[in-house]
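Asker: If you want the building blocks of each chain, they are given just below.
2 protein chains.
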Amino acid sequence: MSQRDTVVTFVSDADIEAHVTLNDIVPAIEQAFIDLDAGNSEVFDVVRGRGGGDDHFFAIKSGRAGSIPAIGLKAGSYAPGNHKLGLQAHTSTTMLIDDITGRPFAVVEANYLNGIRTAATNALATRCLAKADAKTLGVFGIGAQAIFETCAVASVRPIQRVIACARSTAQQGAFADAIRKQLNLDVEFADARTTCENADVLVTVTPSRAPLFSREWVRPGTHISAMGADNVGKQELEVELVAQSKLWVDLPSQAVAIGETQHAFRAGRITLAQLEQQTLGRLLSRPELQGHHPDAITVFDSSGIAIQDIAAAYAALQVVTKRKR
Amino acid sequence: MSQRDTVVTFVSDADIEAHVTLNDIVPAIEQAFIDLDAGNSEVFDVVRGRGGGDDHFFAIKSGRAGSIPAIGLKAGSYAPGNHKLGLQAHTSTTMLIDDITGRPFAVVEANYLNGIRTAATNALATRCLAKADAKTLGVFGIGAQAIFETCAVASVRPIQRVIACARSTAQQGAFADAIRKQLNLDVEFADARTTCENADVLVTVTPSRAPLFSREWVRPGTHISAMGADNVGKQELEVELVAQSKLWVDLPSQAVAIGETQHAFRAGRITLAQLEQQTLGRLLSRPELQGHHPDAITVFDSSGIAIQDIAAAYAALQVVTKRKR
Chain A
1 MSQRDTVVTF VSDADIEAHV TLNDIVPAIE QAFIDLDAGN SEVFDVVRGR GGGDDHFFAI
61 KSGRAGSIPA IGLKAGSYAP GNHKLGLQAH TSTTMLIDDI TGRPFAVVEA NYLNGIRTAA
121 TNALATRCLA KADAKTLGVF GIGAQAIFET CAVASVRPIQ RVIACARSTA QQGAFADAIR
181 KQLNLDVEFA DARTTCENAD VLVTVTPSRA PLFSREWVRP GTHISAMGAD NVGKQELEVE
241 LVAQSKLWVD LPSQAVAIGE TQHAFRAGRI TLAQLEQQTL GRLLSRPELQ GHHPDAITVF
301 DSSGIAIQDI AAAYAALQVV TKRKR
Chain B
1001 MSQRDTVVTF VSDADIEAHV TLNDIVPAIE QAFIDLDAGN SEVFDVVRGR GGGDDHFFAI
1061 KSGRAGSIPA IGLKAGSYAP GNHKLGLQAH TSTTMLIDDI TGRPFAVVEA NYLNGIRTAA
1121 TNALATRCLA KADAKTLGVF GIGAQAIFET CAVASVRPIQ RVIACARSTA QQGAFADAIR
1181 KQLNLDVEFA DARTTCENAD VLVTVTPSRA PLFSREWVRP GTHISAMGAD NVGKQELEVE
1241 LVAQSKLWVD LPSQAVAIGE TQHAFRAGRI TLAQLEQQTL GRLLSRPELQ GHHPDAITVF
1301 DSSGIAIQDI AAAYAALQVV TKRKR
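The listed protein sequences correspond, in order, to chains A and B. Once you know that position 37 of the first sequence is 37 in the working numbering, the rest is easy, because the numbers rise by one and skip nothing. So the mapping is simple: the working numbering equals the position in the second sequence, first residue as 1, plus 1000.
In short, the hints are calculated from the structure, not lab data. Keep in mind the model is a prediction, meaning the values are calculated, not measured. Just so you know, even glycine gets a beta-carbon here, dropped at the ideal spot from N, CA and C. Keep in mind that a hint or two might mislead.
Said to hold, decoys possible - Okay, the calculated beta carbon distance ranges per label pair:
1) Ala1018/B / Thr169/A: 53 to 59 Å
2) Gly53/A / Pro1158/B: 44 to 50 Å
3) Asn1184/B / Lys322/A: 36 to 42 Å
4) Pro1207/B / Thr21/A: 45 to 51 Å
5) Gln1182/B / Gly53/A: 41 to 47 Å
6) Pro1207/B / Ala132/A: 57 to 63 Å
7) Pro1207/B / Glu276/A: 34 to 40 Å
8) Asp54/A / Leu1185/B: 50 to 56 Å
9) Arg325/A / Arg1323/B: 31 to 37 Å
10) Thr1169/B / Glu276/A: 52 to 58 Å
11) Arg50/A / Thr1021/B: 55 to 61 Å
Construct the entire structure; sequences and hints are all you get.
Answerer: Rendered as structure tokens:
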């Protein structure tokens, strides 16, 4: 009745923060999306539940990521009461399970990693779609994730100017300090219109439930990575901006349910069949689909899927194991 | 961007086998079912997927178990190719997550534990429903789980005779040895009819997809714990036996989908509304519902739910932590 001794490696946030960079994760995420397009990755149904505390939301995202020999699941909680305890509201943990035997081999804290994996996906979309010499990045939102996203865009385009727009000034100092430290750039803080009108690339990374700016302010040729919407009711862009853009999504079924695309979909402006041809996996698999459109606005709608978590956790496990030796 | 240091305790199969007994788990399972009846426990949707190997099935069961301060999830795989590698086909791992903060605090191997938690649930049903002086247990199936189930029934009734019926003779020796060692009883092997006609309590614990015996052979007053059916198409009892019995189930929605009850439900002989009044949680919560029916056959349909896994993992964590000190 006994199994062979199991070795389950635990990788902490601190391990990942010390040893893992964006560039360690990007190729793994890229391969996972290519595998998804080729039918070699699978995303299982998302579980949604509630924790015991007020407003404690819980979810499990799971699946298989093609070339990676693992089934993975990410358990994620959002418990806003944590702030009172000096803890972050979000907690994510990824378990990796051997694809063949079904035996778990790693438990990876995915709090810091979640930031990198989301930004890595933005880097991939921006690399495919933004103007080659994009110099000005406009960022909506200046929280912790906005720092990851700014660095991600700067890793694939020669960004020289960062303009940030945020409702509150509270985090301006922390955001500016981080960007100065990481990119050696001074952040300019501006209103929504100024941010849009000057940007070659726009990134929205907020918990907004209404459009952040008028689509009239966005110049043709702008690429927008819409990173914020990941639940019903969340929205950062105007419906017509999404509907008239050259749109790409991570997972069509999820984009229309909880992504930025949900609003244009519900308005009947976008069909699921159409989106099946507009996935990031397809874009990454077919170089002929990539490239900047000077007369159009491109949008990447990121809602966040399990294969990103699996690919990121597996890559982080390899890197940490190697570099900690 | 860092979290406080996390402590995730790992509890291995070997820890549990060395330190945890059926009686450590029974009260936890009982409380979890009582909480479920009181509306204090929740079972989230089950995830089903496939692994990479042939016939590798994967599932995640998750939920919250009332009095226990945890959200829990059990990732389970069935990979029959494992036998070639000298590994068990089933692998289960439970993660426990703080109910308030959402932070994981334990990863518990649930292979040996799964056997105990299922048997503990059988013990609870049998304690409520079987004849007080039940002396003869009939067991269909003689695999590893049958050993747990036999011990569970013997823990709540004065069993003096164990009759076992199995299609193959291959495991007879191992089963008989285990029962002799654990209960000091000599197992009699018999055909299905003899097993039924002599039993005060019957336990079915097989992967069968068709009835194991004729309902005509079962004496009035017999209690049956049907432990095997946990997927579409599995079946151990005749439809009319289930339909005419005093039936109890762990979770109505799951019983009609994948439990023994699925067949009587599909035949229109049992309704979901009716089953809502016939749960193990209700039975355990209301002593007036408990007791032996000399003229009737009682059936407990166990399909296996997340709150059992959470309660068992949490209890095992407490016991192992205490006894290993």
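Asker: Next, verify each hint and record whether it holds.
Answerer: Against the structure, the hints:
At roughly 58 Å, the beta carbons of Ala1018/B and Thr169/A sit within the given window of 53 to 59 Å. Separation of Gly53/A from Pro1158/B is about 46 Å and conforms to the stated range, judged on CB atoms against 44 to 50 Å. A beta carbon spacing of about 54 Å between Asn1184/B and Lys322/A contradicts the range 36 to 42 Å that was offered as a hint. Remark: the range hint 45 to 51 Å for Pro1207/B to Thr21/A is upheld by a beta-carbon distance near 48 Å.
With their beta carbons about 43 Å apart, Gln1182/B and Gly53/A fall inside the hinted range of 41 to 47 Å. Between Pro1207/B and Ala132/A the CB atoms are about 60 Å apart, so this pair conforms to the stated range of 57 to 63 Å. Range check, Pro1207/B to Glu276/A: about 38 Å between beta-carbon atoms, so the 34 to 40 Å window is met. The hinted window of 50 to 56 Å between Asp54/A and Leu1185/B holds, with their beta carbons roughly 53 Å apart.
Under the hint 31 to 37 Å, the C-beta atoms of Arg325/A and Arg1323/B, about 35 Å apart, fit the expected range. Between Thr1169/B and Glu276/A the beta carbon distance is about 54 Å. The supplied range of 52 to 58 Å therefore holds. Distance hint check: the CB atoms of Arg50/A and Thr1021/B are about 33 Å apart, inconsistent with the given range 55 to 61 Å.
The structure fails hints 3, 11 (numbered hints given earlier, in ascending order).
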